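Asks: Sequence:
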Amino acid sequence: MTAVDPSLLDDLQARGLVAQTSGGDALGEYLAGGGRTLYSGFDPTADSLHIGHLVPLLALKRFQMAGHKPIALVGGATGMVGDPSFKAQERKLNTPDVVAGWAERLKGQVSRFIDFDCGDNSAEVVNNLDWVGQMSVLDFLRDVGKHFSVNNMINKESVRQRIEREGEGISFTEFTYMLLQSYDFAELYNRYGCSLQIGGSDQWGNITGGIDLTRRLHSGQVYGLTMPLVTKADGTKFGKTETGTVWLDPAKTSPYAFYQFWLNTADADVYKFLRYFTFLPLAQIATIEAEDQARAGRPEAQRVLAEEMTRLVHGEQGLLGAQRITEALFSGETAGLSEADLEQLKLDGLPATCLERASLGGDPLTQVLVDAGMAASGKQVKDALGRSAVWLNGVALSMDDNMAVQACFAPERAAYDRFFICKLGKKKYHLFEVV
RNA sequence: GCAGGGGUUCCCGAGUGGCCAAAGGGAUCAGACUGUAAAUCUGACGCGCAAGCUUCGGUGGUUCGAAUCCACCCCCCUGCACCA
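Residue numbers for the first sequence follow our numbering, beginning at 1 and rising by one.
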């Protein structure tokens, strides 16, 4: 039996990772008393997890490192219904095969973060479709539904805005979501002796539902713990960039983009994020913060955060690649890159586009850059051109160059006859290869 | 089904016959400043290099001219009724 770390809850608390717990002090004692089994759910609402999922996912890992057994639940069933918690609008349903495909993807992703071979507290991955899938409506209504009071459900903060808000409503389907998730908890208690559910604070209502249901169905005492939703000091939504969501899948968000995302964390958030997302000891984070404050100029914290997170999600190779690109682009020494370096940039995830020399000139530069994904519209490129914010291999372009694509990409301007590093604004880089 | 209230450009939200590609705010993009920050200031922000083109739930009308008026339809919300 693995010894448990009794200070786990204190550490989570000190990191600011505890929003709510059930049962007051009882949870701390319960966790310190031995290896427990806990779970967190991940619904397949997309083909990849994103960084918002990292908090509960890494929490599973924290519990495992402290000697507890984590279960990652993939919501093949709940994903079919849609969680209404704090959502402003009814969500559109995805087809069963799509959800099933996504569930498989999530299974693979989730599995990389927890250890499946470490003895008693090895992790498990389960899919709630396994027990909800073949359940009959009548069984569900009689065995599960009977234990829920609609009066209570209506009063849940998580669905209140949907019920009260003018212009929106909530379908019975989504309203029932809580019952499904509650049943998951009861079922995992039954199957695995799972006695703790963790999740984001938006899950509190669903978790307490599960606690109640487990007691009613199995007379079991189980616990809940929620973690705060990640917020940013400036009030904007965490986890979004101009290109959209920051995914964990390297095919959707390259390790380079991922690294850059963390590197761009605001000062006001960075120490909090270090506590939330990394496994660095709190004392070390405090030291970093103190040193940053003592020194004028740029803090170190963002770099540490970006390194830790990229290594955690994309591994050492992913991190090295991201750093190679960053170093090359932001040192301003792109001219000194070797041909192999340029090839490597492409492999490391720098956005790249291949152009055919023969077909150059048909489109204005604005269109070429939009097609490459560097800007949302030609207007933006035009604006940038007018402000000398577009650079091609170190040469600033202007509106005059817009119709002269051939000349811009002339062979004599290319690196190694084919490469062009294009920079739009201060941070957006794109590699063009002309053949 | 009936009554009432709604559906405007990414979001919120003005606009009720021409001056409307459509106020204002937010978000976003770019520039200056900087630390690949923050704050601030500036510009852009339906699409198009441009000429120009396409929008205000849908369709069809009235009109020289419609986001704005009329008809029908679709969707949402609130209440009532129906059903039980």
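These are computed hints drawn from the structure, not numbers from a lab. Since the model is a prediction, treat every value here as computed from it, not as a measurement. Just to be clear, a hint being listed does not mean it is correct.
[What the hints assert, rightly or not] DEER-style ranges, computed between Cβ atoms:
{"id": "1", "residue 1": "D117", "residue 2": "S377", "range": "42 to 52 Å"}
{"id": "2", "residue 1": "G101", "residue 2": "A3", "range": "38 to 48 Å"}
{"id": "3", "residue 1": "S398", "residue 2": "A358", "range": "33 to 43 Å"}
[Stated by the list, open to error] When the alpha-carbon atoms are kept at most 27 Å apart in a straight line, the in silico BS3-like pairs for lysine-lysine are as follows:
{"id": "4", "residue 1": "K237", "residue 2": "K426"}
{"id": "5", "residue 1": "K240", "residue 2": "K272"}
{"id": "6", "residue 1": "K61", "residue 2": "K232"}
{"id": "7", "residue 1": "K427", "residue 2": "K346"}
{"id": "8", "residue 1": "K272", "residue 2": "K237"}
{"id": "9", "residue 1": "K232", "residue 2": "K272"}
{"id": "10", "residue 1": "K146", "residue 2": "K107"}
{"id": "11", "residue 1": "K240", "residue 2": "K146"}
{"id": "12", "residue 1": "K61", "residue 2": "K346"}
{"id": "13", "residue 1": "K156", "residue 2": "K107"}
{"id": "14", "residue 1": "K252", "residue 2": "K426"}
{"id": "15", "residue 1": "K156", "residue 2": "K346"}
{"id": "16", "residue 1": "K146", "residue 2": "K232"}
{"id": "17", "residue 1": "K382", "residue 2": "K87"}
The beta carbon of each residue, even a glycine, is placed where N, CA and C say it ideally should be.
Asks: Against the structure shown, which of the earlier numbered hints fail to hold, in ascending order?
Replies: Violated hints (numbers, rising): 3, 10, 11, 12, 13, 15, 16 and 17; every other hint is consistent with the structure.
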